[in-house]
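According to full-length UniProt numbering, the sequence shown holds residues 1 to 71 in order.
Note that these hints are calculated values from the structure, not bench results. Remember, it's a predicted structure, so these values are computed and weren't measured experimentally. Idealized CB from N, CA, C, for every residue including glycine. One or more of the hints may lead you astray.
[Unchecked claim] Label-pair distances were calculated between CB atoms; the ranges are:
#: 1; residue 1: A43; residue 2: P10; range: 27 to 37 Å
#: 2; residue 1: P12; residue 2: A59; range: 39 to 49 Å
#: 3; residue 1: T34; residue 2: V55; range: 27 to 37 Å
#: 4; residue 1: V62; residue 2: V27; range: 33 to 43 Å
#: 5; residue 1: R15; residue 2: P40; range: 34 to 44 Å
#: 6; residue 1: L18; residue 2: A46; range: 32 to 42 Å
#: 7; residue 1: W14; residue 2: L36; range: 11 to 21 Å
#: 8; residue 1: V38; residue 2: R63; range: 16 to 26 Å
#: 9; residue 1: R66; residue 2: G19; range: 28 to 38 Å
#: 10; residue 1: A57; residue 2: V30; range: 16 to 26 Å
#: 11; residue 1: G39; residue 2: R15; range: 32 to 42 Å
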Amino acid sequence: MNRRSTYVAPHPAWRWMLGAGIALTIVSAVLGGTLLVVGPFVAGVALLATALALVIAGAVLVRRLRGPAAV
Numbered sequence: 001m002n003r004r005s006t007y008v009a010p011h012p013a014w015r016w017m018l019g020a021g022i023a024l025t026i027v028s029a030v031l032g033g034t035l036l037v038v039g040p041f042v043a044g045v046a047l048l049a050t051a052l053a054l055v056i057a058g059a060v061l062v063r064r065l066r067g068p069a070a071v
């Protein structure tokens, strides 16, 4: 059975994009945790949800960049 390839060629600036994504995830998680304790609870939850969404998107991107052979 032939599976369709999900391989996506990496963007030329993928290292910068990955670094920015990691930094944004860390900042969102730290600010979200701080707001849960100190500030408005809803804003903290929103930032933690943003951090979780960034982690999931990063995992999907890494899986696609590794190619169809990666399981």
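Results for each hint:
Between A43 and P10 the Cβ separation comes to about 34 Å, which falls inside the hinted range of 27 to 37 Å. The hint said 39 to 49 Å for the Cβ distance between P12 and A59, and at roughly 22 Å that hint is violated. Between T34 and V55 the beta carbon distance is about 18 Å. The supplied range of 27 to 37 Å is therefore violated. In this structure the hint that V62 and V27 lie 33 to 43 Å apart at CB is violated, the actual value being about 20 Å.
Between R15 and P40 the beta carbons are some 35 Å apart, a value that agrees with the proposed interval 34 to 44 Å. In this structure, L18 and A46 break the distance hint of 32 to 42 Å, their C-beta atoms being roughly 24 Å apart. With their beta carbons about 32 Å apart, W14 and L36 fall outside the hinted range of 11 to 21 Å. In this structure, V38 and R63 break the distance hint of 16 to 26 Å, their C-beta atoms being roughly 36 Å apart.
At roughly 18 Å, the beta carbons of R66 and G19 sit outside the given window of 28 to 38 Å. The beta-carbon spacing between A57 and V30, approximately 19 Å, falls within the hinted interval of 16 to 26 Å. Between G39 and R15 the CB atoms are about 34 Å apart, so this pair conforms to the stated range of 32 to 42 Å.
Figure legend: structure checked against the earlier numbered hints; hints not met, in rising order: 2, 3, 4, 6, 7, 8, 9.
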